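**Q** Here is how the chains run, residue by residue.
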Amino acid sequence: MIIIGERINGMFTDIGEAVKTKNPKPLQEWAIKQKEGGAHYIDLNTGPSCDDRVAGMKWMVEVVQEVCDLPLVLDSTNYDAIEAGLKLCKKPAMINSVPAERPKIERVFPMAVEHNAQIIGLTMNEKGIPKNADARVALAMELVAAADEFGLPMEDLFIDPLILPVNVAQDHVPEVLEAIRQIKFLADPAPRTVLGLSNVSQKSPDRPLLNRVYLAMAAACGLDAAIADANDDSLMETAASVEILLNQAIYCDSYVKVYRTR
Amino acid sequence: MGLTGLAIFKELPKKNCGECGVPTCLAFAMALAAGKATLDACPYVSEEAKENLGSASAPPIKLIKIGAGDSKTVELGDETVMFRHDKTFYHPTGIAFEVEDNLDEAAFAAKLEAIKGLEFDRVGLHYTVDFIAVKNTSGNADTFAAAVKKAADAADFALILMSEDAAAMEKAVEAVTARKPLIYAATADNYEAMTAVAQKYEAPLAVKGSNLDELEDVVNKVVALGYKELVLDPGSRNTVDVVADLTQLRRMAIKKKFRTFGFPVMAFTSEEAPLDEVMQAQAYVSKYASLVVLRTTEKQFILPLLSWRQNLYTDPQKPIQVESKIYEVGAVNENSPVYITTNFSLSYYSVEGEVESSKIPSYIIPVDTDGTSVLTAWAAGKFGGDRVAEVMKELGIENKVNHRNVVIPGYVAVIAAKLKEDSGWNVIVGPRESAGISPFARANFTS
Numbered sequence: 001m002i003i004i005g006e007r008i009n010g011m012f013t014d015i016g017e018a019v020k021t022k023n024p025k026p027l028q029e030w031a032i033k034q035k036e037g038g039a040h041y042i043d044l045n046t047g048p049s050c051d052d053r054v055a056g057m058k059w060m061v062e063v064v065q066e067v068c069d070l071p072l073v074l075d076s077t078n079y080d081a082i083e084a085g086l087k088l089c090k091k092p093a094m095i096n097s098v099p100a101e102r103p104k105i106e107r108v109f110p111m112a113v114e115h116n117a118q119i120i121g122l123t124m125n126e127k128g129i130p131k132n133a134d135a136r137v138a139l140a141m142e143l144v145a146a147a148d149e150f151g152l153p154m155e156d157l158f159i160d161p162l163i164l165p166v167n168v169a170q171d172h173v174p175e176v177l178e179a180i181r182q183i184k185f186l187a188d189p190a191p192r193t194v195l196g197l198s199n200v201s202q203k204s205p206d207r208p209l210l211n212r213v214y215l216a217m218a219a220a221c222g223l224d225a226a227i228a229d230a231n232d233d234s235l236m237e238t239a240a241s242v243e244i245l246l247n248q249a250i251y252c253d254s255y256v257k258v259y260r261t262r
Numbered sequence: 263m264g265l266t267g268l269a270i271f272k273e274l275p276k277k278n279c280g281e282c283g284v285p286t287c288l289a290f291a292m293a294l295a296a297g298k299a300t301l302d303a304c305p306y307v308s309e310e311a312k313e314n315l316g317s318a319s320a321p322p323i324k325l326i327k328i329g330a331g332d333s334k335t336v337e338l339g340d341e342t343v344m345f346r347h348d349k350t351f352y353h354p355t356g357i358a359f360e361v362e363d364n365l366d367e368a369a370f371a372a373k374l375e376a377i378k379g380l381e382f383d384r385v386g387l388h389y390t391v392d393f394i395a396v397k398n399t400s401g402n403a404d405t406f407a408a409a410v411k412k413a414a415d416a417a418d419f420a421l422i423l424m425s426e427d428a429a430a431m432e433k434a435v436e437a438v439t440a441r442k443p444l445i446y447a448a449t450a451d452n453y454e455a456m457t458a459v460a461q462k463y464e465a466p467l468a469v470k471g472s473n474l475d476e477l478e479d480v481v482n483k484v485v486a487l488g489y490k491e492l493v494l495d496p497g498s499r500n501t502v503d504v505v506a507d508l509t510q511l512r513r514m515a516i517k518k519k520f521r522t523f524g525f526p527v528m529a530f531t532s533e534e535a536p537l538d539e540v541m542q543a544q545a546y547v548s549k550y551a552s553l554v555v556l557r558t559t560e561k562q563f564i565l566p567l568l569s570w571r572q573n574l575y576t577d578p579q580k581p582i583q584v585e586s587k588i589y590e591v592g593a594v595n596e597n598s599p600v601y602i603t604t605n606f607s608l609s610y611y612s613v614e615g616e617v618e619s620s621k622i623p624s625y626i627i628p629v630d631t632d633g634t635s636v637l638t639a640w641a642a643g644k645f646g647g648d649r650v651a652e653v654m655k656e657l658g659i660e661n662k663v664n665h666r667n668v669v670i671p672g673y674v675a676v677i678a679a680k681l682k683e684d685s686g687w688n689v690i691v692g693p694r695e696s697a698g699i700s701p702f703a704r705a706n707f708t709s
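Residue numbers (this note's numbering), protein chains in the order written: chain A, 1 to 262; chain B, 263 to 709.
Next up, chain B with everything else stripped away, as it sits in the complex (with noise of 0.2 angstroms):
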C-alpha cells in the first residue's frame, strides 16, 4: 500500500492557497495519494515533509547485513508481517554464543570449536549457527583485540563485538575491518564516539537503550549523525519484558511505519541453567528476535532451538517436501515391502509413522510431486501410473529387493493398470487411508 491521503495530508503546510493548482491541501493530498499529482507543485512543503513522504514508501524494517568478505553474510530485518500466516517471516534470526575475552587459551579455544561443531543434519536439512560474539569482559583493548582476531581466524563466522568503550571497539574492529562485524553497541554515552568507528570501518552498529524511550532518544541521534546500519537492544532482559518490548518495536515499525525502530532488533538470554536458557531463546526467536545471543554450546539444547527456527520460517504458502528418494524403515531386507506415496511432507510422515507402528522394515518411496497431496497430485497428472514407474526406476528399486510388489494408495487404485504396464510389478492397492497400513500390512506381510 502507498501513501494514503491522511498520511501525506499531515505533512501539508494546510494554506489552502491553490498554488498546486488544486483548491485546498486535502484536494491535493488525495490527487497525490491517487498518483494524479508531484509534490513538486507545492512551494510551501518542508524538507523534512519531503523526507517523511519519500521514505514512508521504503520498507517498514531496514535490511541490515553483518559479515563480508571470507566470512558468513547474515542478513536480518527486512520483515514485513506480525504473524507468519498473515505471509511469511522471511529472514530467519541469526544465532550467536558470547564467548568472553579474559578466558585463558585453553578454554577459549575450546569454546571456539564447540560452536563450530553446532553444524546439524536432521529429516534432509542441514542446521548451522551464525555468530560468535566476543565480549569485552577483560576492559583490555588489547586482549579484547586478540581475541577477535582469534574468533576470526578460527571460523568463517560473522562477528559481533561487545564493548562500551569505543577505543577498544576501534583496536578490535581494526583487527577484522573485512569482515564488517556488528559493533555493539552504542549507548546514551558513547553513541558519538561509537557511530564514527561504525562509519569509519562502515561496520554495523547496535544502539542500546536502557528501554524504549531512551532507544528511540539516541536511534534519532545516530540517524542524525547520518548513520541508519543498525540494529536495536531495547535493554531489557527478563523473558517476559523482552517479548513485550519485541513485539512493540515490531508493531511499532509495521503498523505504524514508526521509522526510529525500522530496524532489526536483537536480543540477550540470561537465564543461567541452558534448559531454561533455550526456552527464553525460543521465545525470542518466535517473537520477532532477529538476532538472540546465547552462553550455552551444547548441542542437545542447540538443535531443538535451530529445528523451531527452521519450522517458523518456512513458507505457510509453500507446501513442505521431503526428499524424493528410497526411505528405509527399520531394518530392511530384500524381502521388505515397497510403499508409494508422495513427497508432500503430511503425506510422507503419516505412512511412514503408520510403516514404522507396523513393526514390519519396509522401504518408501515418495514421488517427487512438488510438494501435493496424493488426491491433488493425481488431479494435476504429477502421480499417474507412468510418473510412478519411472521413479521407481530411477531410484533402482528393483536392486534392493528380491519380491515384485509394490504397495499404491488406496485412493489413486485408477493408477494400477498403468503402473504394472509400465514398470512390470504387481501392483497392490492398499488401504485409502494411512491409518490402515498397520493392520494392512500385518494381513498381507507378516515378517
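The following block holds chain A by itself, in its conformation from the complex (with noise of 0.2 angstroms):
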C-alpha cells in the first residue's frame, strides 16, 4: 500500500502562508516528518491563494527535495505549474492529476510519458462525478485506453474512482469500491488505483477511525495506494496490516516497524 502525504497542500494555512511569504521551513519540516511517519510520496499543493502557480510549484518542488528525497506528486489543476514542476523533480514524479476528459488527456499523457512520471486519472469528466461504480468504470477504461494509445506504461496510471464524504454521500462510498474491483479488471497488466482517502471523512467525528477502515476494506477490493494522512499512526498501522493479510509482503512480527522504514 502506497501512501503520498497530503499535508503539504496550501488549503492548511501554514503552508497557505508559508508559499505566500517564501518561507521553506514549514514545507521542509511537514516533508520530513511525513518521511519519518512511512509515507512514500510527497504530495505537492501551493494552494488556492497562490497568485503564480508556476512560480509558487516550482519553488515547493526545490524546497521540499533540500531536505527529502522521496518521490513527489504534484498536485494541481494548472498544467503549466505541472510541467514546470517535473522539470526540477530528482526522481520520477507523480501527476496529481487528470480528469476523462479528451482535451486535457491530450496535454497531461504525452507530458507524463516525457518526464517519465505517473499519472492520477479521475474517473470524472464535464458532466461532474457518477454516481454508480458502473459509470465510474466506464471513465476508467477511457484512461486505460489513453495509456495505452499514449504509450504509458499501465503501472504508472493510478486511477482514482473518487470517494465522497460518508455524511453527505454515503450511498456512493460502496459503489467506489466496487469500482476499484472491476478497474482492476480493464487491462492486463492492470491500471494501478488510488483514493483521496481523507475525502471519506470530511466533516464527521473519528475521521481516523473511519479512515482507516475504509483504507483496509478499499485495500480488499484492489486499492494501490492513497493519499491520507502519513502521521497517523493508526492509519499506517492499518496500511502495514493489509500488506500481510493480502500476502503482498512477508510476514514477520516487526511487519509494522518494516512497513514504515521499507
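Any given hint could be a false lead.
[Claimed, not checked] Label pairs and their in silico Cβ distance ranges:
| no. | chain 1 | residue 1 | chain 2 | residue 2 | range |
| --- | --- | --- | --- | --- | --- |
| 1 | B | Asp577 | A | Thr13 | 58 to 66 angstroms |
| 2 | B | Pro305 | A | Glu149 | 20 to 28 angstroms |
| 3 | A | Arg262 | B | Asp383 | 45 to 53 angstroms |
| 4 | A | Asn116 | B | Gln510 | 19 to 27 angstroms |
| 5 | B | Pro305 | A | Gly151 | 29 to 37 angstroms |
| 6 | A | Lys90 | B | Lys517 | 25 to 33 angstroms |
| 7 | B | Glu313 | A | Glu36 | 52 to 60 angstroms |
| 8 | A | Arg262 | B | Asp577 | 52 to 60 angstroms |
| 9 | A | Gly151 | B | Thr405 | 52 to 60 angstroms |
| 10 | B | Asp340 | A | Asp148 | 25 to 33 angstroms |
| 11 | A | Ile250 | B | Ala368 | 54 to 62 angstroms |
| 12 | A | Arg262 | B | Arg666 | 56 to 64 angstroms |
| 13 | B | Glu313 | A | Glu149 | 20 to 28 angstroms |
[As the list claims (entries may be wrong)] Pairs of lysine-lysine residues, derived as DSS-like cross-links and limited to a Cα-Cα distance of at most 27 angstroms, are as follows:
| no. | chain 1 | residue 1 | chain 2 | residue 2 |
| --- | --- | --- | --- | --- |
| 14 | B | Lys327 | B | Lys433 |
| 15 | A | Lys184 | B | Lys519 |
| 16 | A | Lys184 | B | Lys518 |
| 17 | A | Lys184 | B | Lys272 |
| 18 | A | Lys127 | B | Lys276 |
| 19 | B | Lys349 | A | Lys184 |
| 20 | A | Lys104 | B | Lys327 |
| 21 | B | Lys277 | A | Lys104 |
| 22 | B | Lys433 | A | Lys184 |
| 23 | B | Lys298 | A | Lys131 |
| 24 | B | Lys272 | A | Lys104 |
| 25 | B | Lys312 | A | Lys184 |
| 26 | B | Lys298 | A | Lys127 |
| 27 | A | Lys127 | B | Lys277 |
| 28 | B | Lys327 | A | Lys184 |
In short, the hints are calculated from the structure, not lab data.
Computed from a prediction, not measured in an experiment: that's the story for all the values here.
The beta-carbon is built from N, C-alpha and C at its ideal position, and this holds for glycine as well.
Two independent chains are provided; combine them into the complex using the hints.
**A** Given below as C-alpha cells:
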C-alpha cells in the first residue's frame, strides 16, 4: 500500500502562509515528518491563495527536495505549473491529476511519458462525478485506453474513483469499492488505483477511524495507493497490516516497523 | 482471468457507429468484458479480430503429447506460472538421451541398454526417463530409419527423430508411425517439407530458429500452414543464453499472451564433461524447459537430475508425505526402540535424522495423517491414541520386537492413556522437539 503524504497543501493555513511568504521551513518540516511517518510520496499543492502557480510549484519542488528524497506528487489543476515542476523533479514524479476529458488527456499523457511520470486519472468528466460504479468504470476505461494510446505503462496509471464524504454522499461509498474491484480487470497488466482517502471522513467525528477502516476495505478490493495522513499512526499500522493480510509483503513479527522503514 | 476491456477494445474497428446497440466501441468492449454483449453484434469486426479474441481465452501454453501406441506418452507444456510458489508446475520436464545413428551395432545397442537402465527407486519414489533422441549423424536416410526402428523395438520410450533432411525424416517416421515421435526440426530452410511430414503422420513438430526473432518467424509460417502441434527450440546452446531465451519464451506466452510462443520449449545440453552437462541440464529443468536432450547416460549423473526434477515439480500446496510403514534405522533387532510420528515428510525426516544420530538402531512408524504435522494432525483428530494403536496393529510391529514400549511425540502426551488402553503397550512420552531425541535415547535405551 503506497501512502502519499497529503499535508503539504496550501489549503492548510501554515502551508498557505509559507508559500505566500516563500518560507521553506514549514514545508521542509512536514516533508521530513511525513517521511518519518512512513510516507512513500509527498503531495505538493500550492493552494488556492497562490497567485503565480507556476512559480509557486517550482519553489515548492525545490525546497522540499533540499531535505527529502521521496518522489513528489504534483497536485494542481494548472498543467503549466505541473510541467514546470516535473522539469525540476530529481526522481520520477506523479501528476495529480487528470479527469477523463479529451483535451486534458491530450495535454497530460504525453507530458507524463516525456518526463517518465506517473498519472492519477480521475473517473469524472465535464458532467461531474458519476453516481454508480459502472459509470465510474466506464470513465476509467477511457483513461486506460488513453494510457495505451500514448504509451504510458499501465502500472504508471493510478485511477482515482473519487471517494466522497460518507456523511453527505453515503451511497457513493460502496460504489467506489465496487469500482476499484472492476478497474483491476480493465487491462492486463492492470492499472493501479488510488483514493483521496481523507475525503471519506470530511466533517465527521473520529475521522481516523473512518479513514483506516475504509483503507482496509478498499485494499481488499484492490486499492494500491492512498493520499492520506502519513502521521496518523493508526492509519499507517492499518496500511502495514493490509499488506500482510493480502500476502503482498512477507509476514514477520515486526511487520509494522518494516512497512514504515522500507 | 477472461479478456480485459483493453484487449477487446484494441481488436474493435473504433468506428463508434453504435450499430451494436452501444454508443461507442469503448463502451462495447466493456460490455463484452462484462459478458453483457456478444461480438456478433458488431458488423465491422474483422475475422482476425474474432480469431484473436476467441483464442485469448485459450491456455497460454498449449499441451503437446509426444508418443502413442505402445510407447510412453509424454505430456509437455500447459504451464501457467513463472514461479512454482505462485501455484505449481504441472508437467515435469521430459528427459531425453541422444543416440547417433552412425554408431556401430554393438555401441548403439549398448547405448540403448544404458538408457533403459536409467530407473531409480529413492525415498519411496520411482524415477524414470522419457525419450530416446535418434540423431541422423550419418546423413543417410536408410541408416537413420533403421536406427530409429531399432530404438523403437528396444524400449517403450517416446522418440525424438533428429534430422534436418525432410526425406530422411519421412522415411524414419514411416518406420515408427504409430509411436507419434517428435520430429526435429523445422527450420527457416526446410519448414514447408517438414511441416508436410508432420501433417501427414500427425506427429508433433519441433521448430528451431537461430534466435528468437527467427523462431517467431518460422513458427508463424508453420502455423499459417495449418499446423499447431509444436515444440520450440530457440537455437541457443550456451547456458546463459538458453536460460535467457527460455525465460523470455515463457514470459511472453504467459504474461503477454503472445501466442506464437505459446508452446512447450526444448533445450539441448552442450557441455562436454558429464558433470558440467548435468549442471547445465539442471538449470534448464529449473528454467522452464519442457524437454531437455542430454548425451551422458551415466547413472550417477542422472539420479541427482531426476531427484531435482521430482522436487521442483511437487505441488507446494500439498504437503509431501512418506509411506506409512515400519522404517528401520540402523541394524535393528528385537530389542530396538519404537518411535511414533506422522507421515508429513518434514516431521518424519526430522525424527529419522535425530534417531540416526542417536546411534541406537530403532524403528520409526509414521502414522498416515494425510501428510500433516504432529500437532496439526492431533488437532484434526487424525492422531489420537486409538488411531495410533490401530496403525501399530496393522503394520504388525508386535512381531518385530520382544518389548512393548512405544515412544510418542512430547507435544501429544495427552494421547498416552488412550494409546495404552487400546494397544496394551507401555507408552513413553518422548521429547517435544525431535532435537531432544538423541539425549532422550541415550538416557533411555542404552544398547
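**Q** Could you tell me which of the numbered hints above are not met by this structure, giving the numbers in increasing order?
**A** 8, 20, 22, 28
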